[in-house]
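Listed in order, the protein sequences are those of chains A and B.
Quick note: to get my numbering, add 2 to the position in the first sequence (first position is 1).
Quick note: to get my numbering, add 62 to the position in the second sequence (first position is 1).
Source of the hints: derived by calculation from the structure; they are not laboratory data.
Only a predicted model underlies this, so the values are computations on that prediction, with no experimental measurement involved.
The beta carbon of each residue, even a glycine, is placed where N, CA and C say it ideally should be.
Do not take every clue at face value.
Said to hold, decoys possible - Label pairs and their computed distance ranges (CB to CB):
(1) B:L386 - A:E118: 11 to 21 Å
(2) B:L302 - A:L71: 31 to 41 Å
(3) B:F553 - A:V109: 55 to 65 Å
(4) A:L71 - B:E365: 48 to 58 Å
(5) A:E118 - B:R477: 34 to 44 Å
(6) B:K382 - A:V109: 48 to 58 Å
(7) A:L71 - B:P299: 19 to 29 Å
(8) B:M583 - A:E118: 40 to 50 Å
(9) A:V109 - B:M583: 49 to 59 Å
(10) A:L71 - B:H414: 24 to 34 Å
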Amino acid sequence: MALILVVEDDEANQELVTRFLKREGHRVLVAMDGMAGVTAALEHVPDLILMDLGLPGLDGWDAAQRIKLTPKTAHIPIIALTARALTEDVFKAREVGCDAYETKPVVYQRLMKKIEAFVNR
Amino acid sequence: MRFVIPSRTWVFVWAGVLVLWLLAALRFDGRILAGGLLALGVWIARREHSRRKLEKDAARYRKLLEMSPDAVLLGRGDGIQMANDAAVKLFQVSSASELIGRRLTDFVTGESRAAMEQVRRDLYSGEMRVPHREMQILCSGAAVHVEIAAASCLDDEGVTVHCVIRDITERKRAEEALRESEEKFRQLAENIHEVFFVVSPAAGQAVYVSPGYERLWGRSRDSLYQNPSAWQDPIHPDDLERVRALTHTQFWGEPVQFEYRIRMLDGAEKWIRTRSFPIRDPAGELIRVVGISDEVTQQKRYEEELIRAREGAEAANRAKSMFLATMSHELRTPLNAVLGFAELLELEMADHGIHTWDSDVQKIRRAANHLLGLISEVMDVSKIEAGRMELQPDRFDIAALVQEVAAGVSPLALRNRVQLQVVCEPAWLYGDRVRIGQCLFNLVGNACKFTCDGQVVVEARPDPGSDGEWYTVRVSDTGIGIRPEDLEKLFRYFTQLESSNARKYGGTGLGLAISRKLSRMMGGDITVESTLGLGSTFTFRFPAGVTPQHGSADREPELSSVDAGSRR
């Protein structure tokens, strides 16, 4: 049982990930864009952040970088969600401090296992 | 006229002095006689000295005369008295003696004869010098252009005429040739359609402008000769600064070419192209700038139309790319939701112990995944066909990439009971990791797809002898194999060899075609060998050796999307 922050702009994806996380017994916070994500992370200090990289306004990489550069939130693991594997996106995600990534289409059961591994660490 | 005492008078003077002196000496004493003899001795010695000096001088002047390239003649009223070697040569006689006693006027031809007579009259009537005159003389029948300088002097023997004659035939010929070439140039310049001009950099002004100017510019040339800056007046104000700057460049001795607009007196505009070149003297000094100007209004119009057309095409192409990228994103987003909800449905039904619709949900997931793959590949094909596929080479670890591909394919291998073997030494290569990975994923995926209860071997190694410049990955399977006549069809778009295969094995029929195109974009290739029923070997060869020193080694992918457990 952990507090997970989901930064995602697409409503269908928000609902999906929320339902999968709740099914696993986690509590879920949702932010619609990068700026809201950074604010929510600072306010609630969740146990893990799921970060969509292609966000409107402040994008996922910038948001992740800000969270990792803020002492209060730097320790929170971030799993990035990207449209394509094996790309520049993944390198950039690692450079800004993301801890892992998942490619879309997301296989949720695999994502849940990954989250479990971070939360139980 | 100089006063000259005749020498006979001197003899009487001297004789008188001697008689007076002898009378004086006899009347007085021997001392005066001795003193007189001494004075006489001194006088004789001094005379001897000056005689020798004169002889020496005469020898020197003779030498100079012999060396002179110009003919030198000395004459008197009764003809030529002396002639040097150059004169012998000029008049083409065998020796100087042939000239002695003849008159110069005998050699002068018709036109020059009157002038020569005038010179002669001037000289003998006491004119001391006659300035250089050009004449034609006949030398053994041939007319020769000469320049004659003469001076006369009067001494006790009468008037002597000194005459220097220079052969100027060569100079005349050169002058004639120059005049002819100038005439040719003038005719050419006056008749060409373009405007030809010559500018003096020192004066900063045109020294010649061909008549074409008046036709093309509709202005007179006189203004250009009169006013050094008149050429600027017709130039379009927007172009003037640029043209001025370029004009300065041409005065530095650079060849320049520039285009600008001019305004006609009636307000019409013309585009002019001017090219100019420096002309230097043998010492390398810039002496002239010459150039040609011509009207290029029509060409300019075509150019502008071409540029507009190209800009239009580029805008259309950008719009198409934008459309593709947007479509790609818009198509994927709902499909991701379909896949996600199908997975959720399957899971929640299982939570409630319902398995009635498991296979239906599986079909939804498979179809959606297939559609996603199709979208990606169609996007790739559009990019390749539009020439917009760009490779982004960087340093990467080939072993890590091959492992990642193997891990991605392993669920399929597991399903088909295929033993997947990977042989690859870790090595840093330089290439587009994403696209090389895409090719590998396709080849290894196909091998596992078309093999059942068999073996797939992936061997990746540098080409022997290529010094690391080339790398080859061989993917061999023990699958169904391909008929020889079908081998090349494999690489065409939307080809799966039998339509029943598509249903049985899935796939879009685009993957191999895309992979081969990508490999060829890299400069490499994908080839295939196969035996029907026994299996196939695909060989992917690509250049990989251009490793830049500043490569980013820290870009080793540590993030993994695959669970460690599924790695083989």
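Hint check:
Taking 11 to 21 Å as the suggested C-beta distance range, the pair L386 (chain B) and E118 (chain A) does not conform, at roughly 38 Å. Taking 31 to 41 Å as the suggested C-beta distance range, the pair L302 (chain B) and L71 (chain A) does not conform, at roughly 56 Å. Between F553 (chain B) and V109 (chain A) the Cβ separation comes to about 31 Å, which falls outside the hinted range of 55 to 65 Å. In this structure the hint that L71 (chain A) and E365 (chain B) lie 48 to 58 Å apart at CB holds, the actual value being about 53 Å.
For the pair E118 (chain A) and R477 (chain B), the beta carbons lie near 25 Å from each other, so the given range of 34 to 44 Å is not met. At about 33 Å, the CB distance of K382 (chain B) to V109 (chain A) disagrees with the hint of 48 to 58 Å. Here the CB-CB span from L71 (chain A) to P299 (chain B) is close to 56 Å, at odds with the stated 19 to 29 Å. Between M583 (chain B) and E118 (chain A), the C-beta spacing of about 42 Å keeps the proposed range 40 to 50 Å intact.
The beta-carbon spacing between V109 (chain A) and M583 (chain B), approximately 31 Å, falls outside the hinted interval of 49 to 59 Å. Look at L71 (chain A) against H414 (chain B): about 45 Å separates their beta carbons, and that is not inside 24 to 34 Å.
Hint compliance for this structure: hints 1, 2, 3, 5, 6, 7, 9 and 10 are not met, and every other hint is.
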